[in-house]
Amino acid sequence: MSTIKKFFYVNRKAPYGTVYALESLEVVLIGAAFEQDVTLAFIDDGVYQLMKNQSTAGIGMKNFSPTYKALGDYDVTKLYVEKESLEARGLTIDDLMDLKWEDEDDDWAENDSIRVVTSAELADIMSEQDVVLSF
Amino acid sequence: MAMLHTVNKSSFDRNTFESCLRLAKEGSSVLLIEDGVYAAMKNTTAAEQINSAMGTLTFYVLGPDMDARGIKADALIDGFKIVDYNGFVDLSIEHDSVQSWL
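One line per chain: the protein sequences are L and Z, in this order. FYI, the numbering for the first sequence is 1 to 135, going by my numbering. FYI, the numbering for the second sequence is 1001 to 1102, going by my numbering.
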């Protein structure tokens, strides 16, 4: 049972309007707890999950966006955002949370978790995965 | 008959907002709520459609749903009015009928 598989989580829904984004996070954390090789993709409305400055007091729902900042501590360090999806929504990487992970093999150097990639690049990454989970 | 249209789905995920714009008559109001609020942002692929409808329809967006999603007032298309829940109630009363697009 020690085989490490490449798990790929595809996020295509905006947060709060449906429960998909929150459920995806829960499953990502489970995958990470089993020390699998976890990669997240944010496509279409999924890019909205990573927006800065989310504040849910007014709608009476839990703001789960801080959880994305904790992903690095669970060795979830690969968050790919599709460039085309960002552009269609008038967004840039500056509209997204600044997510970091610390590399213990490199004197705890801080690295960016979010990487903006084109559809073609994302297609290559997706095709290399063992297990794909869609949310 | 002034009608209030509410849209609660993302215009990038469903065609609800598009249908609303197609069928809303001049003088009606459109209130974006829940995931519908994303359509109110500048520089999106939906922005041009909204700009051309701005003259005939009045556009509102629900503030608490913007805040939840990290959308600041300065990110909105010019002409959008922000309302809170009380404002939502007022709009419902001021209009003759409400069409909640699903």
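Accuracy of the hints is not assured; some may be wrong.
[Said to hold, decoys possible] In the EDC-like style, the derived pairs of lysine to aspartate or glutamate whose C-alpha atoms are separated by at most 16 Å in a straight line are:
1) Z:K1072 x L:D95
2) L:K52 x L:D94
3) Z:K1042 x L:E87
4) L:K78 x L:E110
5) L:K69 x L:D112
6) Z:K1042 x L:D95
7) L:K78 x L:D107
8) L:K62 x Z:E1034
9) L:K6 x L:D75
10) L:K52 x Z:D1074
11) Z:K1042 x Z:D1096
12) L:K69 x L:D103
13) Z:K1072 x L:D94
14) L:K83 x L:D95
15) L:K83 x L:D94
16) L:K100 x L:E121
17) L:K6 x L:D37
18) L:K83 x L:E121
19) L:K78 x L:D103
20) Z:K1042 x L:D94
21) L:K78 x L:D112
Honestly, the hints are just simulated from the structure, not real lab data.
Here is how each hint holds up against the structure:
1. Z:K1072 x L:D95: 11 Å, holds
2. L:K52 x L:D94: This hinted pair holds, its Cα atoms lying about 9 Å apart.
3. Z:K1042 x L:E87: 11 Å, holds
4. L:K78 x L:E110: 13 Å, holds
5. L:K69 x L:D112: 11 Å, holds
6. Z:K1042 x L:D95: 13 Å, holds
7. L:K78 x L:D107: Roughly 19 Å between the alpha carbons, so the hint for K78 of chain L and D107 of chain L is violated.
8. L:K62 x Z:E1034: Distance ~15 Å between K62 of chain L and E1034 of chain Z Cα, so the pair holds.
9. L:K6 x L:D75: Holds: K6 of chain L and D75 of chain L sit about 13 Å apart, inside 16 Å.
10. L:K52 x Z:D1074: 14 Å, holds
11. Z:K1042 x Z:D1096: Roughly 30 Å separates the two Cα atoms, so the pair is violated.
12. L:K69 x L:D103: Holds, at roughly 15 Å.
13. Z:K1072 x L:D94: 13 Å, holds
14. L:K83 x L:D95: 13 Å, holds
15. L:K83 x L:D94: 13 Å, holds
16. L:K100 x L:E121: 21 Å, violated
17. L:K6 x L:D37: 5 Å, holds
18. L:K83 x L:E121: 10 Å, holds
19. L:K78 x L:D103: At roughly 13 Å apart (the allowed maximum being 16 Å), D103 of chain L and K78 of chain L satisfy the hint.
20. Z:K1042 x L:D94: 15 Å, holds
21. L:K78 x L:D112: 9 Å, holds
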